[in-house]
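So the chains spell out like this:
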Amino acid sequence: MIAVDALTVQYGELRAVDQVSFSVFEQEIFGIVGPNGAGKTSTVECIEGLRRAHSGKVSVSGLDPWKDRKKLYEVMGVQLQDTAYQDQVRVGEICALFSSLYRSPVPYGELLEIMQLSGKEKAFVSSLSGGQRQKLAIVLALIPNPRIAFLDELTTGLDPRARHQMWDLLLQLRERGLTIVLVSHYMDEVEAVCDRVAIMDRGRMPAVGSVSEVIGRFALHTEISFRSSLERTGGLEALPGVVSVGRKRNRITVQGRGDETVLAVLEHLRDRGIDYAALAVKPPDLEAVFLNLVGYSPSGESPRADEKEVR
Amino acid sequence: MRAALLNLTLLEMKLFMRNYINMFFLLIFPMLMLLLFGGIFGNEPEAMFGGYGTVDISVPAYAGLIISVTGLMSLPLTLCQYREKKILKRFQATPLSPIYVVVSQISVHLIMTVAGMLLLFIVAKVVFDLQFVGRVLPVTAVFLFSTLSIFSLGFLVAAVAPNMRAATAIAYLIYFPMLFLTGATIPIELMPELMQKIAAVLPVTHVVKAMKAVWLGETAASVYPSLLILAGFMLVCLTLSLKFFRWE
Ligand SMILES: Nc1ncnc2c1ncn2[C@@H]1O[C@H](COP(=O)(O)OP(=O)(O)OP(=O)(O)O)[C@@H](O)[C@H]1O
Ligand SMILES: [Mg+2]
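Chains as they are written, first to last, in numbering that gives the first Met the number 0: chain A, 0 to 310; chain B, 0 to 247.
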């Protein structure tokens with residue numbers, strides 16, 4: 000559906016996107032995550048035909064998004080990371096306008112209803128709450144009844160219930176044949192809805208694949224943590240598979256490889272009669288991959304992985 | 000696509016009318032000026048004005064006032080705001096090219112300029128029994144041509160201003176001299192020679208000159224230097240605008 004080949008975006012001296020290649024398959028939800036300034040929006044804008052690539056090739060359904068933009072915009076729904084609206088425009092008016100831009104729009108009343116904005120048609124856009132405005136942006140992206148949707152930070156500013164509803168909606172839309180490119184800062188969101196994910200960092204894309212593939216590729220550790228009165232590490236570091244043991248106030252955190260570590264730790268606690276409470280096992284997740292990639296260690300007190308870790 | 004452009008223009012028209020600052024400066028302010036000066040001086044025929052009254056010769060001059068408000072304030076500020084708020088960019092991602100957003104803005108401002116002028120005309124007629132001895136066709140033609148010429152300057156402001164604050168500053172900087180130094184409000188004939196020389200390079204001066212002439216029954220050909228200046232001015236502004244304009 001979308002093929003990106005060695006895409007490079009340059010702003011003056013700054014290379015915001017550097018030789019990035021990936022593809023998005025038909026009817027999948029493709030996530031792009033990465034720290035602020037990684038180049039996610041720049042990449043997506045090139046695919047949307049809003050920005051010209053410095054070099055590289057992008058094709059969407061076999062069309063060049065820059066040259067064949069006219070054709071593409073009929074089948075494409077776009078939510079930009081930040082758009083404002085005209086002053087003093089009403090919700091219903093902007094929806095009606097967008098509907099008139101497309102050949103076969105979805106009745107916007109339905110979309111407003113799904114987004115719980117039904118009662119707001121007469122309201123000024125400026126009077127909506129931040130989350131409601133975000134929902135409006137999504138309504139406008141779906142009005143064209145698109146085959147491909149680009150959602151840049153879709154659920155930023157939405158409350159947890161609205162976020163879950165949005166995920167349900169995305170999954171439904173995918174079932175109906177929509178291909179979705181989703182830029183997000185929420186790893187739980189990506190894990191919940193994305194078929195595949197790409198991680199971007201400083202203009203590059205070090206990992207692309209399904210969520211479990213990406214997590215697997217980084218061989219991160221399972222984390223077992225519990226509260227205990229234990230003064231030292233209590234011999235935990237000698238257990239099979241254990242990589243590190245850390246202690247922060249009365250909470251002990253064991254990093255280890257895979258499930259056999261979990262079992263070993265549990266047995267060790269029982270055999271030695273070590274008291275423990277609030278035990279938690281956290282398998283490596285996308286968040287851990289992300290933080291690892293951008294060099295932040297959540298278990299230590301300081302942000303760098305190489306400090307404060309009991310090896 | 001034509002329906003979309005029409006819808007867009009109608010919506011933008013509504014939005015223009017909801018902006019009370021626009022509406023004040025376009026409709027109320029010129030009317031207040033007229034009522035004020037008409038109230039002070041009346042509209043009795045004066046030998047100094049070739050047998051016309053104060054109102055008779057003020058109304059065509061106020062065309063400069065009205066065109067300046069829409070063309071030098073509202074148009075550039077709206078365009079600049081739409082760029083800054085990424086509204087143009089949002090339309091870029093629809094089948095409607097953002098060029099049409101610009102076209103619709105120009106249409107709305109053109110229509111509102113004409114409406115402002117018509118309202119002023121009606122008030123002057125009703126309150127001060129305005130004499131209008133010009134012919135409708137040349138007056139309309141000169142008015143529309145002048146409007147487009149001043150719009151091109153507004154467009155240039157929108158093109159070169161890096162952001163909304165700069166645009167506002169530039170717009171005010173251009174608007175106020177156009178208001179007071181061009182004969183739109185204060186007759187040029189009353190100004191010292193230096194000021195008259197400065198006035199001669201301001202485009203609105205030529206709008207006022209041409210409008211007054213055709214309004215009082217002269218032919219458009221009689222003011223061809225002013226019309227030529229406006230045409231040249233438009234050409235320069237448009238060329239520069241196209242060179243500098245950015246969609247985001
Ligand atoms: N129009 C622009 N002009 C100049 N530099 C830009 C422009 N847009 C983005 N950049 C720069 O390019 C880099 C990538 O920006 P981009 O918006 O693609 O990041 P992002 O991954 O979307 O970040 P975020 O998560 O904060 O939205 C940043 O360093 C940014 O400063
Ligand atoms: Mg972004």
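It is worth saying that the hints were derived from the structure and are not from the lab. Each hint should be verified, as a subset may be incorrect.
Restricting the straight-line Cα-Cα distance to at most 20 Å, the calculated cross-link-like pairs of lysine to aspartate or glutamate (EDC-like) are [claimed, not checked]: (1) B:Lys84 - A:Glu152; (2) A:Lys56 - A:Asp81; (3) A:Lys66 - B:Glu188; (4) B:Lys13 - A:Asp86; (5) B:Lys84 - A:Asp81; (6) B:Lys85 - A:Asp17.
Status of each hint after checking the structure:
1. About 17 Å separates the Cα atoms of Lys84 of chain B and Glu152 of chain A, which keeps this hinted pair within 20 Å; it holds.
2. Our distance criterion of 20 Å between C-alpha atoms is broken by Lys56 of chain A and Asp81 of chain A, whose separation comes to about 26 Å.
3. For the proposed pair Lys66 of chain A and Glu188 of chain B, the alpha carbon gap of about 57 Å is over 20 Å, so the pair is violated.
4. At most 20 Å may separate the alpha-carbon atoms for a hinted pair to count; Lys13 of chain B and Asp86 of chain A meet this at roughly 11 Å.
5. Of the supplied pair hints, the one linking Lys84 of chain B and Asp81 of chain A holds, its CA atoms being roughly 8 Å apart against a limit of 20 Å.
6. In summary, the hint linking Lys85 of chain B to Asp17 of chain A is not supported, as the alpha carbons are separated by about 25 Å, beyond the 20 Å threshold.
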